[in-house]
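Novice: Those protein sequence lines, which keep their order, are chains A and B.
Under this note's numbering, the first residue of the first sequence is numbered 1, with each subsequent residue one higher.
Under this note's numbering, the first residue of the second sequence is numbered 1001, with each subsequent residue one higher.
Hints should not be assumed to be uniformly reliable.
[To be verified] Which chain B residues stay away from chain A? Per the calculated CB distances, all over 10 Å, these:
1) T1003
2) P1056
3) N1121
4) R1148
5) E1164
[Stated by the list, open to error] Dumping the calculated DSS-like pairs for lysine-lysine here, alpha-carbon to alpha-carbon at most 25 Å:
6) B/K1160 <-> B/K1072
7) B/K1160 <-> A/K135
8) A/K135 <-> B/K1161
9) A/K135 <-> B/K1184
10) B/K1082 <-> B/K1072
11) B/K1072 <-> B/K1184
12) B/K1082 <-> B/K1050
13) B/K1050 <-> B/K1161
14) B/K1161 <-> B/K1184
Keep in mind that the hints were calculated from the coordinates and are not lab data.
Positions of the beta carbon are idealized from the N, C-alpha and C atoms, including for glycine.
Next come the chains, spelled out residue by residue.
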Amino acid sequence: MWKEWPLVAFTIAGQAAVGIFLFAGLPWLLTMRTFPNDEARGLWLVLQALIFGLLVVAASISFFHLHRPFRARRVLTNLRTSWLSREIFFELCFMALVALETFLAWKKPEWIGLFIGVMVAVSLAGILFLVSMSKLYMLQTVPDWNQAYTPISFVLTTLILGALALVLVWRARVGQGPYPRGLLEVTFSLIVIEIVLALLFTPRRGAFGYRPGPSLRPPDETPRILHVGRLALLAAGLFLIGMEVMTGGFRASSGRGASLCLILAFVLVLAGEVVGRFLFYGLLTRPGR
Amino acid sequence: MVTQYAFFFNAAACSGCKACQMACKDRNNLEAGVLWRRVYEVAGGGWEKKGEVWIPSVIAYNISMACNHCEKPVCGLSCPVKAIWKREDGIVFVDTDRCIGCRYCEWACPYTALRFNATTNTVSKCDFCYDAIDAGGTPACVAACPQRALDFGDLAELRKKYGETRQIFPLPDPSQTDPALVIKPHRDAAWAAERAAEVANWEEV
């Protein structure tokens, strides 16, 4: 299970990147479609740089998963049948389009028509990247993963990390502002949903989670405490976000800078997602040594 | 001409001596921990009360399992670099010169046929002793079995000779991959699931 750390890092970073884009880019695409001032454009560029950085980190770390990384250039060979090929393809598309869109926002903000077109393409590539990431694991031969819980948990990770990262960046750059109002409440609700679903439907551990029958696959040796740890981390993060919402921490703040409470909440939720992903890979023990 | 090579396994005859496993390992010079053919020991049951009498209801049989050279090989369909492909005679072959070692096929195969070789940093699996077959010979495992519990040949011929069964407890649902496999079940296999039998030798396979 621990050996899968490159996949854990790849999927979490990739999903966070898609999440930030969905929360930052889609509302912009649906409402504003222009940058009202240079500060808004500056914030946009910071967010896009963060998304691009996360994707570069994800792609770089994924090489540690390969035992023959110098042959990786062939990885797009089997787009016809392999979801792994498709996942990498859509990640590269997403990354290239984010780079193009960042360049346009930076150097040619007046080309708004082209910019909107690229934004639509980025949104599609991001969503397809997320879909391919889920389909990759939903193999008919792996019933532990071939559950509705897999795509639902991937989407929740995407939205939760995306929303929290966006709030943090916004707080650090702008302070109080109209756009992300309500985003913390949305994040709070999403984490509640994730905890409830994890309690009910986590394969092998949830109350109604899938229980595999005997097979030729080696038994799962993941420590049970990890499931409890994941839930505790998410609950702790939820508590801190709740504090922030209840005390009006966001709205009361007039200056720039994210509060310690919010930063800690992000760290705890991220840790919960990482532990959850290790648990996910731990469902399938590799045979042999 | 053979269109789909297949293995036949007689679970009723297998004594679990593991000669097939060792012959395979020896012929292919496999590293420690890498097994292309494995013998699973299925065990379960116990004592059962019938009326006033306690009777033994023990389950014990063996399953010798290698790659089943499936007609729908999920390993090959999943491979991002097309390093796993089917020959014209149905043998599923791993091209270790193309493999990138992502080990996705290892997850995909429900028979756990794909095994990672830490020396070559690629996956590997049973190749049906294709060079011996091409020369008119026999796979090492089949030749080594003292009980004649293993046989090989064209799938259609094996089905005519031994029947259509290709799944016994705890093998996966064959509709997932269409394995080129024919099995003669052990009599205990019919009761294995309800008597909570399980593989008893994980450390060996």
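Novice: Each hint: holds or not?
Specialist: Outcome of the hint check:
{"no.": "1", "hint": "T1003", "result": "holds, 21 Å"}
{"no.": "2", "hint": "P1056", "result": "holds, 21 Å"}
{"no.": "3", "hint": "N1121", "result": "violated, 4 Å"}
{"no.": "4", "hint": "R1148", "result": "holds, 24 Å"}
{"no.": "5", "hint": "E1164", "result": "holds, 21 Å"}
{"no.": "6", "hint": "B/K1160 <-> B/K1072", "result": "holds, 21 Å"}
{"no.": "7", "hint": "B/K1160 <-> A/K135", "result": "violated, 38 Å"}
{"no.": "8", "hint": "A/K135 <-> B/K1161", "result": "violated, 40 Å"}
{"no.": "9", "hint": "A/K135 <-> B/K1184", "result": "violated, 36 Å"}
{"no.": "10", "hint": "B/K1082 <-> B/K1072", "result": "holds, 15 Å"}
{"no.": "11", "hint": "B/K1072 <-> B/K1184", "result": "holds, 22 Å"}
{"no.": "12", "hint": "B/K1082 <-> B/K1050", "result": "violated, 56 Å"}
{"no.": "13", "hint": "B/K1050 <-> B/K1161", "result": "violated, 39 Å"}
{"no.": "14", "hint": "B/K1161 <-> B/K1184", "result": "holds, 11 Å"}
The structure is inconsistent with the numbered hints 3, 7, 8, 9, 12, 13, although it conforms to all the rest.
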